[in-house]
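Top to bottom, those sequences are chains A and B. Take the first sequence: its letter number 314 is residue 314 in my numbering, and every next letter is one higher. Take the second sequence: its letter number 77 is residue 77 in my numbering, and every next letter is one higher.
Since the hints were derived computationally from the structure, they do not count as laboratory data. We treat Cβ as the ideally placed atom computed from N, Cα and C, and that holds for glycine. Fair warning: there could be bad hints in the mix.
Cβ-Cβ distance ranges computed for the label pairs, FRET-style [to be verified]:
no. : chain 1 : residue 1 : chain 2 : residue 2 : range
1   : A       : Ile248    : B       : Gly139    : 25 to 33 Å
2   : A       : Glu20     : B       : Thr10     : 30 to 38 Å
3   : A       : Val58     : B       : Gly124    : 15 to 23 Å
4   : A       : Glu20     : B       : Arg166    : 33 to 41 Å
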Amino acid sequence: MQHPDEGMIHTWLDGELLAEEAAALEAHIAECPECAPAIAEARGLVAASSRIVSALDVVPRGVIPIAKPVSRAWYASTQFRAAAALFLVAGTSMLLMRGNNSRSAALNDKPLSVAADSREAPEATAQIPPTVPAPAAAESPAREPAQAPVQAPLRMPVQTLKTTSMPAATPGFVAPEAQSAKKSPTSPTNSSEPKRGIADSRSDEAADRVAEKRNLGRESFNGDVHLDHVVVTGVAVANESDLDLKIISIDSSGATRRTVLEASQGVRVTLVEDAAPGYAAKAMRSTGMPVAEAMRQSAASAPAPRVATTTSTPATPPTAPVQPPAANMVKSAHETRTIKWVDAASGRSYSLTGPLTVEQLEALKPRVKKLER
Amino acid sequence: MSDVERLFRTYNTALVRYLTRRLGDRDWAEEVAQETFVRALRQETITNERAWLFAVATNLVRDEARKDARRRRHLSLLAEQERDNVVEPEATTLERAQEAGLARKAIDALAERDRLALLMREEGLDYSEIAEALDLSPGSVGTTLSRARRRLVESYEDLQRQRDTREKNAAS
């Protein structure tokens, strides 16, 4: 054979040459004085690079002083704000269309390739009503200083959660979402009273703004935002919120799996999943939970399909919450609470336990469900 | 369902180490590793597990890095300078820290694909896994690694020489 090139020498040194090729190469270099230095150099490079790469392991934690690098800034990016504004416009205009027939033309002259983008738009618009305040806060940079500290960060995660959860959901989910949106555009599926009031008044402002926007057309958006990309970017960005739910440990025994997750700074919740309801009680007791708690849970899991111990609307598909998780991640009580549900598709029952209020646990549920899907 | 548990136990350490070496930040590395396993949960079956995990982790890094590239580069340079300025009492610690700093700079000087291939190889991935994870032809992995190793060592030695010159000048 001819002199082996550098790539082949490294392949041979890495033990990745086929038997015949290796034999041929070894036969060659045994007799070729010219190749000896090349082989020696290659060996040196392999060893030295390995040593250098190992030196990279000496890295103190948090050496790059950015706290939570991605999860705070993503909502502020131009593309996301444009995406949010677009969803707002799309959703609100569809709402207006439903609520008022004379405005049916609104949808047609929308520069919405998003609307034509089949799955994304209807799902996104179904989600729009309860989050109207959020895009409203985001879309005008001038208002941001006043609102960003409190509201934008809090509401943004909710909206993006909702939009990401939809593409992953089956088409069957879209219908109930659309219906509930139709019934009461601004009332969320589960929330507390005060928040609902705010949502109502803000949606009026947003509606007015939409009317203005329609007239402006595409010029209202940033020049370099392309509608085709907007949807994809929105989804991609939103996925990063998954990073917030950190797996601490996973334990399986029998048909039960117990996962400890970190929901936010210092707040841990436990997800128990079992294929057969009867196991729940056993698992609970063996993990050292208070017996009363365990008995309550096993009792609750015994009856049939829909165990909705917390929500006001029964037979709700796994909807995203209205209340932003971040806003409620203040420990209002140190009591541990549990929510339970059954996944209709798989028949598995789940329980989520943690030092959070029931609303907060419910808020975690969709993110948890994403883990289980 | 103990499948992801097995995946986690088998590959998490290697994945975090690979990511730490790539990112220079252990917290960030762990976050990306977590996200990778979350995605693994959603897969019905994974044919080539290690290659798949490393591919997903790599793509996650790529997506994030694209957005924050400039900012992180700047800050990592600042951190690097800070590290250099620290006066360590112990000779060994200083030496290790300096080596780490040089290694960081040297590996950042590589092309992304070369860098990733080398880091994967150092985690024990074979050529077919690297090819799959990076979407390369298996035949080109050897050439990629040879180039990566050569450039890494050359950069490192250059940096070492520069540092030695600086120190010599500073001392005189």
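Hints and how they fare:
The given range of 25 to 33 Å is broken by Ile248/A and Gly139/B, whose C-beta atoms sit roughly 43 Å from each other. Checked against the hint of 30 to 38 Å, the pair Glu20/A and Thr10/B passes, with Cβ atoms roughly 33 Å apart. For the pair Val58/A and Gly124/B, the supplied restraint of 15 to 23 Å holds, since their beta-carbon distance comes to about 20 Å. For the hinted restraint 33 to 41 Å between Glu20/A and Arg166/B, the CB-CB distance of approximately 51 Å leaves it violated.
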